[in-house]
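Quick note, the sequences are listed as chains X and F, same order.
Going left to right, the first sequence walks through residues 1 to 413 as our numbering numbers them.
Going left to right, the second sequence walks through residues 414 to 541 as our numbering numbers them.
Keep in mind that the hints were calculated from the coordinates and are not lab data.
The structure presented is a predicted model; accordingly, all values stated were derived computationally and were not measured.
A hint or two may mislead.
Said to hold, decoys possible - FRET-style restraints, in silico, Cβ to Cβ: (1) F:Gln536 - X:Ser83: 47 to 53 Å; (2) X:Asp10 - F:Glu420: 38 to 44 Å; (3) F:Lys464 - X:Glu319: 55 to 61 Å; (4) F:Leu448 - X:Ile247: 56 to 62 Å; (5) F:Lys464 - X:Asp396: 44 to 50 Å; (6) X:Leu45 - F:Leu448: 20 to 26 Å; (7) F:Glu420 - X:Gly326: 17 to 23 Å; (8) X:Val133 - F:Asp496: 39 to 45 Å; (9) F:Thr493 - X:Glu377: 51 to 57 Å; (10) X:Pro252 - F:Lys498: 32 to 38 Å; (11) F:Lys498 - X:Glu319: 51 to 57 Å; (12) X:Pro25 - F:Glu420: 55 to 61 Å.
Glycine residues also receive a C-beta, built at the ideal position from the N, C-alpha and C atoms.
So the chains spell out like this:
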Amino acid sequence: MNINNGIDIDVIKKDFPALQREVHPGVPLVYLDTTATSQKPAAVLDSLNRYYSYHNANVHRGIHTLAEEATAAYENSRKCIASFIGATSEKEVIFLRNTTEAINLVAHAWGRSKLVAGDRVILSEMEHHSNLVPWHILSEALGVEIDVINVDDEGYLDMDHYVNLLNNGPKLVSVTHMSNVLGTVNPIKTISTLAHDAGAIVMVDAAQSVPHMKVDVNEIGADFVAFSAHKMCGPTGIGVLWGRRDILEDIPPFLGGGDMIKRVYLRSFAPNDLPYKFEAGTPAIGEAIGFGEAVRYLDGIGMDKIWDHEQTLVKYAMEKVNQVPGVTIYGPSNSQYRGGVVAFTLDGVHPHDIAQVLDSDGVAVRAGHHCAMPLHEKYSLMATARASFYIYNDVDDVDALVDSLDKVRHMFK
Amino acid sequence: MDDMYREVILDHYKNPRHNGELDPADISYQDDNPLCGDMIRIDLRVDKDNKIIECAFSGHGCAISQASASMLMEDIKGKTLDDIKDYTRDDILEMLGIELGPVRLKCAMLSLKVLKVGAYGVQEWVED
Ligand SMILES: Cc1ncc(COP(=O)(O)O)c(C=O)c1O
């Protein structure tokens, strides 16, 4: 048995078909790329198969049995996700394609209706491109000004700088809950409280936090929260924007057509109620149902246990990887403030070459700028290699990474 | 994979040939691949018949991008700018002696792209 913080990892590993495969003949997969996308458990895959095999129908408008079943399963999934994140009502849970689309929706629908030239928006240096570019587009269109919170050498947000920026009277603060490169977990509750005191609303990019820790949207005090199913055992093509009801009621729709309308006249329309107001066209029904199943799977293990398990792993990994000569690890050294992500470089070896050699040992890591070019530029890096962990990883996986890194080192010596 | 890091590729990566910059140069061009951070600059000196009498590359990136630049420099010295026009992806792959998937192919082709665009302008470069 392979018990870790109350989770039997051997049992968990068996839930994931991809983890049973070999990458090359005789070389099993060691999957350390969850930050990009997680593997999917059989329960989620079965739910997709079940829906498309037996209950496939369009939602909300049909009267026949399949349509009712599909609608019930789709809406049940929404309820399940609402309760998973502590939403007051499932009407606040909007199904979209992913985190990126959710942030774009806020920038477009909220931004264009509430902001005018000269208004300020605060972002941070550690943001994923998905939480930078939508605001750049808004800035170009409306003349909105962007302020950026500094990140210090250890990978923490400079909170003094943040407080200073708040003096400029921003309308919105949009930051990540957890960095997909540094692993830094930001003090999001404090960030929210300070923003609200300054009269700004708060958008949280939770793409890396909701999959790995208990996140209660009301407790963290955010106004918008975005996350993607594919990073938390669910399918691609489905994600959620959670928004505070009064704010969602108060902004115009984003895309037009399909589910988002109540009545249509030849020259006008009346938008539907929440959450449908923001769900235009036939949604990713099977994927939404699979998302619900993923949340049930994670809930069954327990988010607190998942977080503790990843803490154990990341601590072990930082220790072990740091012992490899020539390695530099980026981000907080105190694992308490860090999720299960270890981005690093190895002297004299390009991250691409690291990832390529690791792959020959079945170890899947990512190499590049991880959609965070400004952060890499800040640290004068072209690219990093990144290993990331989830419930299905154990210390053996970390050891496989370290052994393979030794091989890289010798090859490029 | 073992193939990908053949001794000869690692050798060119660790001991690049014609590495550096030429000043003055008749042709200088550089480009990068922002996705992976590879950067290559190529400087050429040509005589009155457009024959390459000296060439050098500089930059940084993965073993594949740097080794292919180094091999390309060895190969083009003494050839004419006209000869370069005919260089293709297959020539680069033949020099490297390996096969590459779509992601790493971009790394391998960066030096040829810099060379061709530098010598003839963007219209000479068709990505395939
Ligand atoms: C912090 C962060 N934000 C946003 C995203 C974008 O997620 P998606 O591609 O699912 O929209 C990612 C995924 O890489 C991420 O790590």
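Results for each hint:
{"no.": "1", "hint": "F:Gln536 - X:Ser83: 47 to 53 Å", "in the structure": "59 Å, violated"}
{"no.": "2", "hint": "X:Asp10 - F:Glu420: 38 to 44 Å", "in the structure": "40 Å, holds"}
{"no.": "3", "hint": "F:Lys464 - X:Glu319: 55 to 61 Å", "in the structure": "58 Å, holds"}
{"no.": "4", "hint": "F:Leu448 - X:Ile247: 56 to 62 Å", "in the structure": "36 Å, violated"}
{"no.": "5", "hint": "F:Lys464 - X:Asp396: 44 to 50 Å", "in the structure": "59 Å, violated"}
{"no.": "6", "hint": "X:Leu45 - F:Leu448: 20 to 26 Å", "in the structure": "31 Å, violated"}
{"no.": "7", "hint": "F:Glu420 - X:Gly326: 17 to 23 Å", "in the structure": "21 Å, holds"}
{"no.": "8", "hint": "X:Val133 - F:Asp496: 39 to 45 Å", "in the structure": "43 Å, holds"}
{"no.": "9", "hint": "F:Thr493 - X:Glu377: 51 to 57 Å", "in the structure": "40 Å, violated"}
{"no.": "10", "hint": "X:Pro252 - F:Lys498: 32 to 38 Å", "in the structure": "56 Å, violated"}
{"no.": "11", "hint": "F:Lys498 - X:Glu319: 51 to 57 Å", "in the structure": "55 Å, holds"}
{"no.": "12", "hint": "X:Pro25 - F:Glu420: 55 to 61 Å", "in the structure": "23 Å, violated"}
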